[in-house]
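Protein chains in written order, with the UniProt record's numbering: chain A, 1 to 374; chain B, 1 to 295.
Treat the hints as calculated values from the structure; they're not laboratory data.
We put the CB at the ideal spot given by N, CA and C, even for glycine.
Please note that the accuracy of each hint is not assured.
Said to hold, decoys possible - Quick look at which bits of chain B chain A covers, simulated, 3 or more residues with Cβ under 8 Å:
1) 83-91
2) 278-288
Claimed, not checked - In silico contact screen, one side only, chain A against chain B (beta carbon under 7 Å); selected entries:
3) G150
4) L154
5) Q335
6) A339
7) Y341
8) V346
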Amino acid sequence: MTVTRRARRPAGRPLLYTSYSQDMALLDTRAKKVWLGVLLGVAVLSSGLPDDLLILLAGAYVAAIGAIGLNIVTGYAGQVSLGHAFFVAVGAYTAAAISGDPGGRVLGFGITSMLVWLPAAGLAAALAGVVVAPLAARLRGLYLAVVTLGLVFLGEHVFKEWDHLTGGPGVGRPAAVPELFGFRFDADSALGTRAQSLYMLMLVLLVVFAVAARNLARSRIGRAFSAIRDRDIAAEVIGVPLTRYKTLAFAISSFYAGCAGALLYTITGFFDPGSFNLLMSVQFIAMVLIGGVATVSGSIAGALFITLLPRLTQELPALLPFVSGDTTQTPNVFQIQVALYGLLIVLFLVFEPRGLFGVWIRARAYWRSWPFSY
Amino acid sequence: MKGVLESLIRGLGNGSVYALLALGFVIIYKATRVISFAQPAFMIAGAVAVSHLAQVTGFYAAVLLSTLLIAGVALAVERIAIRPMVGRPVFVVAIITLGVDVVVRVVVNGFIGLDVRQVGDPWGLRPVEFAGLAVQQRWVAMFLTTAVLVTLLFAFFRYTRYGLAMRAAAFDQETALAQGVSVGTVFALSWGLAGGLAAVAGTFVGTGQGVDQLTWIIALKALPAIIVGGLDSLGGAVTGGLVIGVVESLVQSYQGDLAPWLGQNFAVVTPYAVMLLVLLVRPYGLFGTPEVERV
Numbered sequence: 001m002t003v004t005r006r007a008r009r010p011a012g013r014p015l016l017y018t019s020y021s022q023d024m025a026l027l028d029t030r031a032k033k034v035w036l037g038v039l040l041g042v043a044v045l046s047s048g049l050p051d052d053l054l055i056l057l058a059g060a061y062v063a064a065i066g067a068i069g070l071n072i073v074t075g076y077a078g079q080v081s082l083g084h085a086f087f088v089a090v091g092a093y094t095a096a097a098i099s100g101d102p103g104g105r106v107l108g109f110g111i112t113s114m115l116v117w118l119p120a121a122g123l124a125a126a127l128a129g130v131v132v133a134p135l136a137a138r139l140r141g142l143y144l145a146v147v148t149l150g151l152v153f154l155g156e157h158v159f160k161e162w163d164h165l166t167g168g169p170g171v172g173r174p175a176a177v178p179e180l181f182g183f184r185f186d187a188d189s190a191l192g193t194r195a196q197s198l199y200m201l202m203l204v205l206l207v208v209f210a211v212a213a214r215n216l217a218r219s220r221i222g223r224a225f226s227a228i229r230d231r232d233i234a235a236e237v238i239g240v241p242l243t244r245y246k247t248l249a250f251a252i253s254s255f256y257a258g259c260a261g262a263l264l265y266t267i268t269g270f271f272d273p274g275s276f277n278l279l280m281s282v283q284f285i286a287m288v289l290i291g292g293v294a295t296v297s298g299s300i301a302g303a304l305f306i307t308l309l310p311r312l313t314q315e316l317p318a319l320l321p322f323v324s325g326d327t328t329q330t331p332n333v334f335q336i337q338v339a340l341y342g343l344l345i346v347l348f349l350v351f352e353p354r355g356l357f358g359v360w361i362r363a364r365a366y367w368r369s370w371p372f373s374y
Numbered sequence: 001m002k003g004v005l006e007s008l009i010r011g012l013g014n015g016s017v018y019a020l021l022a023l024g025f026v027i028i029y030k031a032t033r034v035i036s037f038a039q040p041a042f043m044i045a046g047a048v049a050v051s052h053l054a055q056v057t058g059f060y061a062a063v064l065l066s067t068l069l070i071a072g073v074a075l076a077v078e079r080i081a082i083r084p085m086v087g088r089p090v091f092v093v094a095i096i097t098l099g100v101d102v103v104v105r106v107v108v109n110g111f112i113g114l115d116v117r118q119v120g121d122p123w124g125l126r127p128v129e130f131a132g133l134a135v136q137q138r139w140v141a142m143f144l145t146t147a148v149l150v151t152l153l154f155a156f157f158r159y160t161r162y163g164l165a166m167r168a169a170a171f172d173q174e175t176a177l178a179q180g181v182s183v184g185t186v187f188a189l190s191w192g193l194a195g196g197l198a199a200v201a202g203t204f205v206g207t208g209q210g211v212d213q214l215t216w217i218i219a220l221k222a223l224p225a226i227i228v229g230g231l232d233s234l235g236g237a238v239t240g241g242l243v244i245g246v247v248e249s250l251v252q253s254y255q256g257d258l259a260p261w262l263g264q265n266f267a268v269v270t271p272y273a274v275m276l277l278v279l280l281v282r283p284y285g286l287f288g289t290p291e292v293e294r295v
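Excised from the complex, chain B in its bound form (with noise of 0.2 Å):
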């Protein structure tokens, strides 16, 4: 019971950080209606940032720079590659982020080196005692510091101005337009945003392990935590990365014993096999809501 306790502990802690990142995709597609492929390059990003920064100002400084760099990396890519791109295919832009995210990629590797490099952050591997569990400090750190993003995220959506706005355009472009929403500003602040939450994610990614050219592809499970939760959910974006993030621990742990068939890492890909689970009986997600075709 201990070890189930403290294996959910630790899912909840990386299912945290996908949630971040998953909020991220669904931020950018509710925008724009395109899945932005471009997110592990932002979040690999965000966490070598940190980790050059981190050794000149200090680690909790160098987070907020990072995550203000990248959120104007995101706009900056925004305005060039993605915005001359509206009313095209999704599928295009789609494949384009691809491209951005396969470039963007290129550069931070020639930062990272042949190494890991660590972000410097102040927890490391370190466990506390709560409860009578080891638990990890950095799942604490990840889990919180998630809870008061999402909180601070939709308090954003639901009473500020340009959370109206980005609400207005995620419904109905065209009529948000003619009421006087500016929608390219949503682009841009959608975009902005969802670099932001990448650069916290890989911060969080990076505490204990560090980050090496590898890290990248733990990103790419937000994927299966968005298309658990359905791609124009927020609240189905987090439940989606919790979920991914304790089934994934789970079967980290006992997997090993209760189906050694499955091969050795089967938790590696365990979102892809939740995700295609989840399709079979739901297409559109959990929380997703299913779209209406007229011809």
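The shape of chain A in the complex, shown without the other chains (with noise of 0.2 Å):
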């Protein structure tokens, strides 16, 4: 028999690894494979819903690549940063910036090419991340989740005074434009709406940064991010340089985030520098928990968890009626919503600390063995 690069699986042996290439592969098992294809078609298909839902599935998908970004300092590298909202900022006004109108009245370049402004958003991002980066890897733990806290709120004055980039507080500023050799995704055209084009858009790209972000995780660079999780003293022992790959996972994490603010409001087109707040970290925070720590897969259903539980509790006033629509009343909807967040957080710790990931492995293993438990 002739060794194939790729040694073939004997049949009806799904968990033998006859190679390393195998053990490593994006998608080592058959489920995976299948799985992946009917999620994506699904995910293809559901472009047919109406279009105020494909906005929130747009706005949920890029939500998912900030996530995956936190996920990749926090999850995988273990350094719990709370000042993600601050490189959405930078790369949200990155972006908006070169491609904003240069005769209007916040700054611009006019370049709305998306090959252009995606990228710089990402690498300005990232580049907030290196300049961050050796505070960071000289703490450790708590001191670094207060700096970074600390940064949020630096950010936010910066960019509320900053108003000839940002606009102002309450007045705010257009954001990118998503333009690709010509095409306008922000509009309707001949291939469809507005909302369907954000929509595959927004598809493809978090398709690319998540497998962008599985491949990251089994390289060399994933393996050394994990064992500085784990221990980070041991993986210097072992000969992983510490300052070296914090500032790899916190550049990496933010060109993520960066690129997710650049394109979070091209669905809005108009943004204020008062969303950059605490919230947002928090809300990228309780994406990463509920989803799942250190799984890009986690880090995607959470996305979608957050951003569509607004969604899903404007709905409450018609089921429980002493919930209000209106916000003046108490207790109404946006005060539910919020403590939502909170609540959920506390309950995924407690009970499933691997979040919606580990909810699926549960519900896995058990259908593996149905009908019997064990």
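Could you fit the two chains together into a complex? Lean on the hints.
Okay, here's the thing in structure tokens:
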């Protein structure tokens, strides 16, 4: 028998790995291939949904890109960051400034091509991450959490004051223009409505970023991150340069955050410097924790869950008569929504620390041995 | 010079509020190795409780009742959400406190409503003449109350059985357990103390300008205070709180003239800037113990 480059798995033995490349494959089991295909198919077919839902889902996909970024630094590399909103803001403003109208009220350079502003937004945010990293690399655990929290407040101040760039609080500025080779994703076209174009764009980008993150996680860099997370001193002893890899973790995570920030507001078209506050950071943390720490699929599930939650709570007044849809009354849906973020974080951490990913693992284990419970 | 002294006194007043909050953070940190992000919620809950109770019982009794009430709430939170997490990574517990904070604040916001609530304090914004300086009465009240509370606290840790138990548990939990210290009680006590301190701090934050739904952000300024002082140093918490208060007050008075390019309201974020500067020089704060790690 000749040795093929990728050894084939013997029939009927789905969990037998006969080569290293099989063990390290992105989709190492047939179930994963099938499920991924099904999910992608559903996602593509979903573009037939009503426009308002598509816009919501597009937002969720962008949030998922940001959540994957936070998961890289917090989940894979174990560096707690409450400062994700700051990096999102850096990306959002870089993209908006590059693609903005040069003659407008706010800073703009008029380069609307996504090929320019998307990488630029990511790189600017990554640069911000590298600038913060020397401080972050010296600190551990909760010191780091508090410092990154401070970053959000300092950033919020800068963005509120720098009104030539941001338009100032309460006024805001137009977001980046999603244009690629002359095609505008934020307008109705022959290919579909505005919502459909944006939906497909975000879906494709999410797949690209998610695959990149999975690849990163199984590379030398990803293994170094995990080693740092599990025990940083032990990692250093076995030859992982701590400062370099912590810096890298912050840079990559910030790159994701920057891209997410740049894309997030192309959907609404307009944004305000007050958006990048602690609540945004907490939402990203919630996505990562509810979805599943150190899993890419979990980040996506968490982002979908958190972004679609407001939509679900909107239905509450119809079901529970004491809940009001009016903000001036108590309890109203907005209060319940915010409280749910908090409550869900607590409940998941107490009862299912692996998040939605863990729920999936449990369900899978249950059905694998069905009808037996063992 | 008069202006400098006046803003110095205002800084000491505000700083003593930060010190009270910071003490709460540090007490919980020493007992459980966790930064409790729930402190802002307890602070605002304390202020709101006072604002409701003061109409019935008068201000001073309301402060006492609200302190006890919030200490009770903190005890309940510790028992329900934190105690089951003993032995889990500190990051997880810290995020749980963040979740608790969000939930408690939503509930409290329901009691605030859309308007500013007054806590019914006897001082308001009235100044008192002191050695030729116009000083608001509430700064003096804040500073004196904090001085008394800090003295009582330090005496508690130094001279009582429970204080000794807390110090022992902070030093080494397992050894303390082996010596018969109930570490669970220490956890509960630390949360209760922190909740009570936060309630008092909240009342003082509410004096003069009242409380609204955004007042809780002030409590986060105690985080730079504990980082500046060092996470595990009670003295550091007090020093850090006062330093942050004074620097913030001086910046508020003079930054507009000396460094207008920093933008309006830079004073609001000075605590975080100070924190970053201190951390660049001393990663464990001014009085914190450098962590010794063994593999």
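Now the hints, each set against the structure:
no.: 1; hint: 83-91; in the structure: holds (count 5)
no.: 2; hint: 278-288; in the structure: holds (count 4)
no.: 3; hint: G150; in the structure: holds (4 Å)
no.: 4; hint: L154; in the structure: holds (5 Å)
no.: 5; hint: Q335; in the structure: holds (5 Å)
no.: 6; hint: A339; in the structure: holds (4 Å)
no.: 7; hint: Y341; in the structure: holds (6 Å)
no.: 8; hint: V346; in the structure: holds (4 Å)
This entry satisfies every hint, going by the numbered hints stated previously.
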